[in-house]
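Assemble the complex: chain A is given as a structure, and chain B must be docked to it using the hints.
Chains A and B are the protein sequences, given in the same order. According to this note's numbering, the first sequence is numbered sequentially starting from 330. According to this note's numbering, the second sequence is numbered sequentially starting from 107.
There may be inaccurate statements among the hints.
[Said to hold, decoys possible] From chain A, some residues computed to sit far from chain B (all C-beta separations above 12 Å): (1) Ala431; (2) Leu529; (3) Asp533; (4) Leu670.
[To be verified] Chain A is faced by these chain B residues, among others (derived, beta-carbon under 7 Å): (5) Leu206; (6) Leu209; (7) Ile210; (8) Gly214; (9) Tyr221; (10) Phe340; (11) Ile387; (12) Leu397; (13) Val398; (14) Ser402.
The set of hints was computed from the structure by calculation and includes no laboratory data. C-beta: ideal position from N, C-alpha, C; glycine also.
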Amino acid sequence: MMPLRGNPLLHWTAWLALALLLLAAPFMIEALLGRAWVRIADVALLFIMLALGLNIVVGFAGLLDLGYIAFFAVGAYSYALLASPQFAVHWPFYVILPLGAAMAAVFGILLGAPTLRLRGDYLAIVTLGFGEIIRVFLNNLNRPVNITNGPQGITLIDPLQFGGFSLAQTHQLAGLTFTPVHNYYFVFLAGALISIAISLRLEDSRIGRAWVAIRDDELAASAMGINTRNMKLLAFAMGATFGGVAGGLFASFQGFISPESFHLIDSIMVLCMVVLGGMGNVWGVVLGAVLLTALPEALRYVGPLQQRWFGEVFVDPSDLRMLLFGLALVLMMLFRPSGMLPARRRAPGPLPAAAGKAHGNG
Amino acid sequence: MEIFAQQIVNGLVLGSIYALVALGYTMVYGILGLINFAHGDITMIGALVSLTLVQLLAAAGLPAPVVLGLAACGAMLVCAALGLSIERVAYRPLRRAPRLAPLITAIGVSILLQYSAALVWGKQYISLPSIIEPVRFTLFGAQMTLLQATIFLLACTIMGGLLWFIKASRMGRAMRATEQNPDVAGLMGVNTNTVIAFTFLLGSAIGAIAGLMVVLYYGIGHYFMGFMLGLKAFTAAVLGGIGNVAGAVLGGLLLGVIESLASGYIGDLTGGVLGSNYRDIFAFLVLVLVLVLRPSGLMGRHAGDRA
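Pulled out of the complex, with its shape left as it was, chain A reads as follows (with noise of 0.2 Å):
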């Protein structure tokens, strides 16, 4: 991702050619594999801003956040309750999606302030508790008074709405058909690209650094002078609002949502996305969002053609799918544990054990 250094022209020309091409990308999509592939694209942009986010918690400062899509569905929902007939109000997006995303880092320093002063570990299985209790929430939350419409979900969400111009709608600009999932790809695409920029702004900065100190050694960063908690509490917000961003914009691009699209699967897709992108590193987790909303799409063939080989489906594919994220995530910590493209930080070989509780020092 980083044409041709030294030559500024050339460096110029490199960057302007991408921007053409990630401003042409739908419509060459749309040529090339069809229109459900536009909408592929957009949700990889979604993720991408998703993995961003985790990528804060878990790559950056090194907490294993295992309930992540309950951040993304406080945003999703924060939206639909106030763009809906549901309660019959329909603010504005510049209103609620700023609201959704404090709503999301309120629950994260709720979630995180009892139990980041403890071991890392109380993190994963709380917010893996948080992750499922969400959606008891979610699912009985219709009385007795109705607020989230329990297990149906919320229907009629507004689409975003930039003064007369509605994304749900199909417009015509400049010889161009730009269908709903052309609207909201370029909103996703600035979304994820002010998300890869605070995110490269963040790891170079002090907070970022800080962060990356805790993960390696958090003992030592503390007497560095790093106030350890309130550094790791500031991650998790983070990460949250990245989440409610998210989730918002989804709930608008999608138009329903209800608790079933906030399942753990749903998380564990997330965290692969970091994990296998490289935990840490800006360039690896894209990748990793862009390849793993790829993939499961790809898979989908794979059940016809079991079909047509073996006469019937042994492994359903979105269970084939799981299979391999379970798998995935155990090789990846095996045998290249810093990912496909590693963070810079990260010193060659592996690293020195940080202190564990049994075996600190071996």
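Only chain B this time, still in chain A's reference frame:
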């Protein structure tokens, strides 16, 4: 009052199952400092294996006690082998890796087990053939079945046996030594690899029994059943003080009673606003409260600080 006694009895029976599963978490955590996310799913495998065995053996017309005994043995064998191989393949190579690595493999193994089970048993609920006639009796004003009583007593026997084993046997002493300091234990001639492998074997076999008990108690099994069970058992372990075997027993029983009372009375207390469909959140609330108020648990020695 009768309802109260009934909830206590139900809670104790359920809690004794939680305690059995919690033993697996707490033993591994005590020795390796690792949350073995896969343990709940090992229990699930134990449950489904024993379910299948019960189905097969009952169809063969064997008497119920024989069926259950054989099912328990089969499930224990499968789970012990599974626990051993998971430790060997997924955890041992990462013993000196950064903290995050074994946690991520643990969650990976958990997912692998769940979806392998979905592959073998399908995703639908599997119900237990009715092989035991429910025998009811009354105890302190509470209805109880013979099955519940058996589960409770058997669980208590296993827990007592384990406590004795850890306290008195040679292997138990090696386990305690490894828990305190694996390096020094190694210098003293303890083969720590064997001890750790044995811990996994023991925890998984006990988990298998717990799995059979869950199947008998609820009458159904499911590929995802290990998740909530694992979460609750882990909560029980933390409540009792993670790493402490007696604490896990206490935490399990206590959690069972808390959950049973809370879900039994939540409807009355909130005037019918919240129902027992919130059952699953109590364990989580207990977990968060314990972590806020007393992270070392009821019987833990030191705070679960990063040491």
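Hints, verified against the model:
1. Ala431: holds (22 Å)
2. Leu529: holds (22 Å)
3. Asp533: Non-interface label stands for Asp533 (chain A): nearest chain B Cβ at 22 Å, farther than 12 Å.
4. Leu670: Non-interface label on Leu670 (chain A) holds, nearest chain B Cβ at 17 Å vs cutoff 12 Å.
5. Leu206: holds (6 Å)
6. Leu209: Constraint on Leu209 (chain B) satisfied, holds at 5 Å.
7. Ile210: Because about 5 Å separates Ile210 (chain B) from the closest Cβ in chain A, which is inside the 7 Å limit, the hint holds.
8. Gly214: Since chain A brings a Cβ to about 3 Å from Gly214 (chain B), closer than 7 Å, the hint holds.
9. Tyr221: This interface hint holds because 4 Å falls under the 7 Å limit.
10. Phe340: With a minimum Cβ separation of about 6 Å from chain A (threshold 7 Å), the hint on Phe340 (chain B) holds.
11. Ile387: Status holds, d = 5 Å.
12. Leu397: holds (5 Å)
13. Val398: holds (4 Å)
14. Ser402: violated (10 Å)
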